[in-house]
Every structure is written in structure tokens, then in C-alpha cells.
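Work the whole structure out from these sequences, hints included.
Sequential numbering from 1 applies to the sequence shown in my numbering.
Just so you know, the hints here were simulated from the structure itself, not pulled from any lab data. You may find that some hints are simply not true.
Claimed, not checked - Derived pair list, reagent style DSS-like, types lysine-lysine, alpha-carbon separation capped at 25 Å:
| id | residue 1 | residue 2 |
| --- | --- | --- |
| 1 | Lys183 | Lys151 |
| 2 | Lys151 | Lys179 |
| 3 | Lys199 | Lys151 |
| 4 | Lys128 | Lys163 |
| 5 | Lys151 | Lys195 |
| 6 | Lys195 | Lys163 |
| 7 | Lys194 | Lys151 |
| 8 | Lys128 | Lys179 |
| 9 | Lys179 | Lys126 |
| 10 | Lys163 | Lys194 |
| 11 | Lys195 | Lys179 |
Stated by the list, open to error - Quick list of simulated restraints, FRET-style, between CB atoms:
| id | residue 1 | residue 2 | range |
| --- | --- | --- | --- |
| 12 | Lys163 | Met1 | 52 to 60 Å |
| 13 | Val148 | Met123 | 15 to 23 Å |
| 14 | Asn105 | Asp37 | 34 to 42 Å |
| 15 | Leu112 | His9 | 55 to 63 Å |
| 16 | Asn205 | Asn113 | 19 to 27 Å |
Think of the CB as a built atom: it goes at the ideal place given N, C-alpha and C, for glycine as much as any other residue.
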Amino acid sequence: MKYVVIEVHESYVVVLDQAGTFSLALNFNYQLGDQIDAIIPYEDITTQEVVTHKRRKWIPRFAVLSVCIALILFIIPTFNTPVAAASIWLSYNPEYRIDIDTDGNILEVEGLNPDAVEALESMNCKHKSYIDFANAIIDYGMQNDTLVDGKTIEVYIDTDDQKLYDSISNNLELNLNEKLCHKEIDYEIEHISKKHERKQEQHQNQGNPSTTPDEHQQQQNNRQQNNKQHNTQEETHEQKREQEKKQHNK
1 MKYVVIEVHE
11 SYVVVLDQAG
21 TFSLALNFNY
31 QLGDQIDAII
41 PYEDITTQEV
51 VTHKRRKWIP
61 RFAVLSVCIA
71 LILFIIPTFN
81 TPVAAASIWL
91 SYNPEYRIDI
101 DTDGNILEVE
111 GLNPDAVEAL
121 ESMNCKHKSY
131 IDFANAIIDY
141 GMQNDTLVDG
151 KTIEVYIDTD
161 DQKLYDSISN
171 NLELNLNEKL
181 CHKEIDYEIE
191 HISKKHERKQ
201 EQHQNQGNPS
211 TTPDEHQQQQ
221 NNRQQNNKQH
231 NTQEETHEQK
241 REQEKKQHNK
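What follows is the structure, given as C-alpha cells:
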């Protein structure tokens with residue numbers, strides 16, 4: 001049973017247990033708010049009248065204490081929660097999203113497909129930079145034959161800070177150039193908006209399927225026929241102009 005000290009007196013303290021019961025216990029130099037695993041009941045004050053009277057005094061004090069504890073445990077820590085300055089999407093089939101702070105340190109990594117989730121189970125991403133993580137997942141892909149010659153590593157950066165974007169882009173480009181210099185593996189580094197544009201294009205293409213080979217050939221034949229007709233019309237107009245010139249000269 002756990003107890004919280006909510007009132008301190010010279011020889012005894014008032015505690016509240018997990019069941020919501022108020023009790024009196026001997027004071028062993030306890031401080032307000034201390035958490036106690038076990039208590040020794042204070043036997044000198046046992047009458048129900050005293051307990052009832054004390055309980056009425058404790059309720060408003062306990063309410064204030066509860067608010068203070070809630071602030072300490074839940075609200076105040078949120079002010080210290082780091083906010084991501086940029087997010088990096090890195091994909092070569094396993095796809096990852098890396099949230100980083102302004103110094104390039106990783107705040108959170110998320111696997112966006114099953115292959116990425118499986119890879120993260122064997123990696124420790126804490127206290128690493130995004131460059132360290134990029135190297136780690138490239139090594140992982142090469143060792144597991146998921147990153148081989150002919151593949152392309154797609155990198156998208158999401159941040160409103162242009163200087164930070166340029167810094168991330170340049171650092172990744174230098175690192176990937178060095179990392180892949182002996183491999184036939186390409187890479188692309190772009191803003192996240194390009195990723196959204198490609199998704200929209202794919203969605204539009206799905207809604208408007210591309211033409212079949214026969215349809216494509218028919219369209220090409222039609223264009224050729226139109227060009228011939230246009231050329232014939234031009235020749236006819238040219239002949240008429242020549243005839244008019246001759247008649248005018250006569």
C-alpha cells in the first residue's frame with residue numbers, strides 16, 4: 001500500500017492511501033508530499049470525532065496538493081519536451097521518418113512499413129545524429145541485400161527553415177557521395193513538397209489510366225494524318241498565291 005503525506009504535525013502526519021482513506025501515522029521526519037510504503041498508526045488520536053473533524057480540514061488542502069502534484073508530474077514536463085525542427089523521410093523500400101532538433105540530433109524514428117519496423121528492432125537510435133542513422137540503415141540494407149546496385153535512395157526533407165533545409169541537404173549529399181562512391185546506387189534529395197506532388201500525379205494517373213499500345217498507335221496515326229492534311233492545305237494555299245502573282249504580273 002502506498003501513502004502520500006498531506007499534512008505534517010510535530011508527532012504525527014496525515015496520510016492518504018491508494019484507496020482514498022485518510023489515516024494518522026507517526027511522524028518520522030516526513031515532509032509534505034512524501035510517498036510512504038508503510039506507516040505506523042498514531043494511536044493517541046483514535047476518536048471518530050477527531051478523524052471527522054480532521055478530514056473536513058484535509059479535503060481542501062488535499063485538493064490543492066493534488067493540483068500541485070498534477071502540475072509537477074504532467075504539465076511542467078511538457079515545457080521541456082523537445083520540438084522537432086525538421087523531419088527526414090528516407091526510403092529505398094524500407095521507409096523511415098526521422099524527427100530531429102536544430103542540432104541534427106534524433107528525437108524520434110518511425111518505421112513506415114514492415115521492413116523498416118523490423119530493421120529498427122535491431123538498432124539503437126538514441127543520442128545519434130541523422131547522419132549516423134543514415135549510415136546505419138544503408139549498412140543494414142547492404143548487409144540484407146535490400147539495398148543493391150541499381151536502386152535509388154529517396155530523401156525528402158520537411159522544414160520551414162530554409163537554412164536548416166540547406167544544411168541537412170548538403171550534409172546528406174556529402175555523406176551519401178562518400179558512402180556510395182563504390183556502388184551503383186543513386187539518390188535523390190528533395191523537399192517534402194515533391195513527394196506530395198508525385199503522390200498527386202500517381203493518384204491522377206490511377207484515375208486516368210494510360211493508353212494501351214494500340215490506342216497509342218492509333219493516336220500517333222491520327223497525328224500523322226492531321227499533319228499531312230495540314231501540309232496539303234499549305235501547299236494548296238501556296239499554289240494559289242503563285243497563280244495570283246503571275247496574273248498580277250501579266
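I'd like to know which numbered hints this structure contradicts. Please list them from smallest to largest.
none
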